[in-house]
Amino acid sequence: MAKENLACELAIIGGGPAGLAAAIEAAKAGVRVSLFDENEKPGGQLFKQIHKFFGSKEHQAGIRGHDIGYQLLNECQKVGVDTRLNTVVWGIEDNKIGIVNGRTSRIVDAKRIIVATGASENPLSVPGWTLPGVMGAGAAQTMMNVHRVLPGTKVLMVGSGNVGLIVSYQLLLAGAEVLAVVEALPKIGGYVVHAAKLRRAGVPILTSTSILEARGKEAVEEATICSLDNNLSPIKGCERTLKVDLICLAVGLSPLAELCWMAGCKFKHLPELGGFVPIHDENMRTTLSYLYLAGDVAGVEEASSAMEEGKLAGVSVAGELGYLKKDEAEEEKDRIRKRLSSLRLGPFGDMRAKAKLELMRARG
Amino acid sequence: MKEKAHLLDLSQDTGIIPEEELETSPGYPSKADLKKGSVVVIECTEEVPCDPCETVCKGGAIVVGEPITNLPRLDPEKCNGCGLCIPICPGLAIFLVDATYSEDEAAISFPHEYLPLPKESDEVEAVNRKGRIVCKGKVIKVRSPKSYNHTPVLTIVVPKKHIHEVRGIRRLNKGAK
Numbered sequence: 001m002a003k004e005n006l007a008c009e010l011a012i013i014g015g016g017p018a019g020l021a022a023a024i025e026a027a028k029a030g031v032r033v034s035l036f037d038e039n040e041k042p043g044g045q046l047f048k049q050i051h052k053f054f055g056s057k058e059h060q061a062g063i064r065g066h067d068i069g070y071q072l073l074n075e076c077q078k079v080g081v082d083t084r085l086n087t088v089v090w091g092i093e094d095n096k097i098g099i100v101n102g103r104t105s106r107i108v109d110a111k112r113i114i115v116a117t118g119a120s121e122n123p124l125s126v127p128g129w130t131l132p133g134v135m136g137a138g139a140a141q142t143m144m145n146v147h148r149v150l151p152g153t154k155v156l157m158v159g160s161g162n163v164g165l166i167v168s169y170q171l172l173l174a175g176a177e178v179l180a181v182v183e184a185l186p187k188i189g190g191y192v193v194h195a196a197k198l199r200r201a202g203v204p205i206l207t208s209t210s211i212l213e214a215r216g217k218e219a220v221e222e223a224t225i226c227s228l229d230n231n232l233s234p235i236k237g238c239e240r241t242l243k244v245d246l247i248c249l250a251v252g253l254s255p256l257a258e259l260c261w262m263a264g265c266k267f268k269h270l271p272e273l274g275g276f277v278p279i280h281d282e283n284m285r286t287t288l289s290y291l292y293l294a295g296d297v298a299g300v301e302e303a304s305s306a307m308e309e310g311k312l313a314g315v316s317v318a319g320e321l322g323y324l325k326k327d328e329a330e331e332e333k334d335r336i337r338k339r340l341s342s343l344r345l346g347p348f349g350d351m352r353a354k355a356k357l358e359l360m361r362a363r364g
Numbered sequence: 001m002k003e004k005a006h007l008l009d010l011s012q013d014t015g016i017i018p019e020e021e022l023e024t025s026p027g028y029p030s031k032a033d034l035k036k037g038s039v040v041v042i043e044c045t046e047e048v049p050c051d052p053c054e055t056v057c058k059g060g061a062i063v064v065g066e067p068i069t070n071l072p073r074l075d076p077e078k079c080n081g082c083g084l085c086i087p088i089c090p091g092l093a094i095f096l097v098d099a100t101y102s103e104d105e106a107a108i109s110f111p112h113e114y115l116p117l118p119k120e121s122d123e124v125e126a127v128n129r130k131g132r133i134v135c136k137g138k139v140i141k142v143r144s145p146k147s148y149n150h151t152p153v154l155t156i157v158v159p160k161k162h163i164h165e166v167r168g169i170r171r172l173n174k175g176a177k
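Taken in order, these protein sequences are the chains called D and L. Read in order, the letters of the first sequence are residues 1 to 364 in our numbering. Read in order, the letters of the second sequence are residues 1 to 177 in our numbering.
Read the hints as simulated data drawn from the structure, not as lab findings. Do not rely on the hints blindly, as some may be mistaken.
[What the hints assert, rightly or not] Some, not all, of what chain D presents toward chain L, calculated at C-beta under 8 Å: (1) Phe53; (2) Phe54; (3) Thr83; (4) Asn86; (5) Gly175; (6) Gly189; (7) Tyr191; (8) Val193; (9) His194; (10) Thr207; (11) Leu343; (12) Leu345; (13) Gly349; (14) Ala353; (15) Ala355.
[What the hints assert, rightly or not] Mimicking DSS-like on lysine-lysine, the simulated pairs with C-alpha atoms at most 27 Å apart in a straight line are: (16) L:Lys174 to D:Lys154; (17) D:Lys57 to L:Lys58; (18) L:Lys58 to L:Lys36; (19) L:Lys130 to L:Lys174; (20) D:Lys243 to L:Lys146; (21) L:Lys130 to D:Lys57; (22) L:Lys146 to L:Lys161; (23) D:Lys41 to D:Lys111; (24) L:Lys138 to L:Lys161; (25) D:Lys187 to L:Lys130; (26) D:Lys111 to D:Lys268; (27) D:Lys268 to D:Lys78; (28) L:Lys119 to L:Lys78; (29) L:Lys130 to D:Lys243; (30) L:Lys160 to L:Lys146; (31) L:Lys35 to L:Lys130; (32) D:Lys78 to D:Lys57; (33) D:Lys57 to L:Lys146; (34) L:Lys136 to L:Lys36; (35) L:Lys141 to D:Lys154.
Fair warning: this is a prediction, and the values are worked out from it, not measured in the lab. Glycine included, every Cβ here is placed at the ideal spot set by N, Cα and C.
Bound conformation, chain D alone (with noise of 0.2 Å):
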């Protein structure tokens, strides 16, 4: 039996920051807002960033990301966005959308639909990563911080990025043992000073340093590292091995883009930003009229540029719509842009802005 389709102006994909952020400019503009998140809890991987954010105050700096969490959930119900939890949008096709509600299915009309699924954990594969105790340092994360399991007490962390160093750091608080911290790269990925942080607790960061193999009966009891070459290749000779229960991974993230495909986005190949990114414009528009972008899927950065996203992306479609004037949403975009390109200067910034600038360029 077919079912009436369900109708809303603006139809938001992930609850995270950008989703949220997203959903509280539109719904404060006036556009009728619906927003689907598969998980039981809005937020994203906000609630577990108990670290405080960086930035200036107009991005929350100073501020612990859960926090910022509640704010936005705070400000989503004030305003009025319908929030559809545990749901999962299984597809698009022109302005619509699919979602699953336990066994309930339906189709969604949509005027606008953004998209903001964010981004996965990469893989390493190398023998024993299947055991049990090897995983994403994400996945560690929100199990220590959000349900408030500890998944191992002597850990070996891989990747130095600004992930791998915060939850390294964040495994100390809970009380864990952080062996090393391995780089593949002969520098650190991530900012000196959480870097420095580990160091100052006694946690070796080595660099052209990777893992070999994880062994375990079970589950994870050890693990090989080993110096690498100029070739990232390993060293003969220079394998050690740490007994450990816990193997994090944070090789970087890759935009979750899958809904982008189907619906028939064009998209470019940009490494700094994680992979396969949608083409979109400076009003985070795709190369589909009705389809926007924010967040990591839009091309992998952080929590703070992700919100930077979402606002903008929904003050577009507000304007888009006809609930703000042009010059009205013009000027506030503006607005907007700045913050966004005040987060993507310097040595760390710099990188994302070009690959962003070439993402738009591409759009033509």
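Guided by the hints, dock chain L onto chain D, whose structure is given.
Same frame as chain D, but now just chain L:
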């Protein structure tokens, strides 16, 4: 063989800002300034977009300005040693050094988020930037008001000769055995 030594030495210097780089960075007070009394030491040498230290400093002693990736610039004359910048720094990269604490001792304040916290007058192990124990220290202050947002600030007293070195203490819960 060189690489082997490199790997086996778990104490390689990665992740530690070299002292020369620190001393020439705009957030680091001069040796003369350090001698005068309580002054903050900002160990922030990478251009990342961040400025809460500037926002929190009521005396205008820390300036980032525009662009936001400027390194924080310290004016030691304007720093009254209030230490509000210590818990607000998301990188936990700000310390307070008072070389005038006593004839031969200095007081060093630093962020310390590890639990359990030591208590005032406890003896602790003071560590350097590599986490190596440098000397014993005595805790004189443990501050964690609500405004610090779960970043307690400890003040310990150590022999004056270690002021350029001591930047924390060995955490009391050293992890699983």
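Hints versus structure:
1. Given the 8 Å rule on beta carbons, the hint for Phe53 of chain D holds: about 6 Å separates it from the nearest Cβ of chain L.
2. A hinted interface residue such as Phe54 of chain D counts as satisfied when its beta carbon comes closer than 8 Å to some beta carbon of chain L; here the least separation is about 4 Å, so the hint holds.
3. Interface restraint check: Thr83 of chain D against chain L, minimum CB-CB distance 27 Å, threshold 8 Å, status violated.
4. For Asn86 of chain D, the interface hint is violated, since its Cβ never comes within 8 Å of a Cβ in chain L; the closest pair sits about 31 Å apart.
5. Among the interface hints, the one on Gly175 of chain D holds; its C-beta lies about 6 Å from the nearest C-beta in chain L, closer than the 8 Å criterion.
6. Nearest Cβ of chain L to the Cβ of Gly189 of chain D: about 11 Å, over the 8 Å cut. The hint is violated.
7. Proximity of Tyr191 of chain D to chain L holds as hinted, the smallest CB-CB distance being about 6 Å (cut-off 8 Å).
8. About 3 Å separates the beta-carbon of Val193 of chain D from the nearest beta-carbon of chain L, less than 8 Å, and the hint is met.
9. The interface hint given for His194 of chain D holds, since its Cβ lies 7 Å from the closest Cβ of chain L, which is under the 8 Å cut-off.
10. At its closest, the beta carbon of Thr207 of chain D sits 5 Å from a beta carbon of chain L; the interface hint therefore holds under the 8 Å criterion.
11. Below 8 Å, beta-carbon pairs count as interface contacts, and Leu343 of chain D has one with chain L at about 5 Å; its hint therefore holds.
12. The interface hint given for Leu345 of chain D holds, since its Cβ lies 4 Å from the closest Cβ of chain L, which is under the 8 Å cut-off.
13. Taking 8 Å as the C-beta cut-off, the interface hint given for Gly349 of chain D holds, the closest approach to chain L being about 6 Å.
14. For the restraint placing Ala353 of chain D at the interface with chain L, the shortest Cβ-Cβ distance is roughly 11 Å, beyond the 8 Å limit, so the hint is violated.
15. At a threshold of 8 Å, the smallest CB-CB gap from Ala355 of chain D to chain L is about 17 Å, leaving the interface hint violated.
16. Among the hinted pairs, Lys174 of chain L with Lys154 of chain D is consistent with the structure: their alpha-carbon atoms are about 11 Å apart, no more than 27 Å.
17. Our distance criterion of 27 Å between C-alpha atoms is met by Lys57 of chain D and Lys58 of chain L, whose separation comes to about 15 Å.
18. Taking the CA atoms of Lys58 of chain L and Lys36 of chain L, the gap is near 21 Å; set against the 27 Å cutoff, the hint holds.
19. Proximity of Lys130 of chain L to Lys174 of chain L is assessed by CA-CA distance (about 15 Å); at most 27 Å being required, the pair is judged to hold.
20. Between Lys243 of chain D and Lys146 of chain L the alpha-carbon distance is near 39 Å, which puts this suggested pair outside the 27 Å criterion.
21. Between Lys130 of chain L and Lys57 of chain D, the direct Cα distance comes to roughly 32 Å. Violation of the 27 Å bound is thereby established for this hinted pair.
22. Straight-line distance between C-alpha atoms of Lys146 of chain L and Lys161 of chain L comes to about 34 Å, which puts the hinted pair past the 27 Å bound.
23. Restraint check for Lys41 of chain D and Lys111 of chain D: the C-alpha separation of about 26 Å stays at or below 27 Å, so the hint holds.
24. For a cut-off of 27 Å, the pair hint linking Lys138 of chain L to Lys161 of chain L stands: about 15 Å separates their Cα positions.
25. With a C-alpha separation of about 17 Å, the suggested pairing of Lys187 of chain D with Lys130 of chain L holds against the 27 Å cut-off.
26. The straight-line distance between the Cα atoms of Lys111 of chain D and Lys268 of chain D is roughly 26 Å, inside the 27 Å bound, and the hint therefore holds.
27. Pair hint Lys268 of chain D plus Lys78 of chain D does not hold up; C-alpha atoms about 38 Å apart against a cutoff of 27 Å.
28. Note on Lys119 of chain L and Lys78 of chain L: the hinted pairing is violated, with a Cα-Cα distance of about 31 Å set against a maximum of 27 Å.
29. The hinted pair formed by Lys130 of chain L and Lys243 of chain D meets the criterion: a straight-line CA distance of about 22 Å does not exceed 27 Å.
30. The straight-line distance between the Cα atoms of Lys160 of chain L and Lys146 of chain L is roughly 31 Å, outside the 27 Å bound, and the hint therefore fails.
31. Restraint check: the Cα-Cα separation between Lys35 of chain L and Lys130 of chain L comes to about 24 Å, which is no more than 27 Å; the hinted pair holds.
32. A threshold of 27 Å between alpha carbons decides the hint, and for Lys78 of chain D with Lys57 of chain D the separation of about 22 Å falls inside it, so the pair holds.
33. Distance check on the hinted pair: Lys57 of chain D and Lys146 of chain L sit about 19 Å apart at the alpha-carbon level, within 27 Å; holds.
34. A hinted pair counts as satisfied when its Cα atoms are at most 27 Å apart, and Lys136 of chain L with Lys36 of chain L qualifies at roughly 24 Å.
35. For the hint pairing Lys141 of chain L with Lys154 of chain D, the CA-to-CA distance comes to about 32 Å; that exceeds 27 Å, so the pair is violated.
Figure legend: structure checked against the earlier numbered hints; hints not met, in rising order: 3, 4, 6, 14, 15, 20, 21, 22, 27, 28, 30 and 35.
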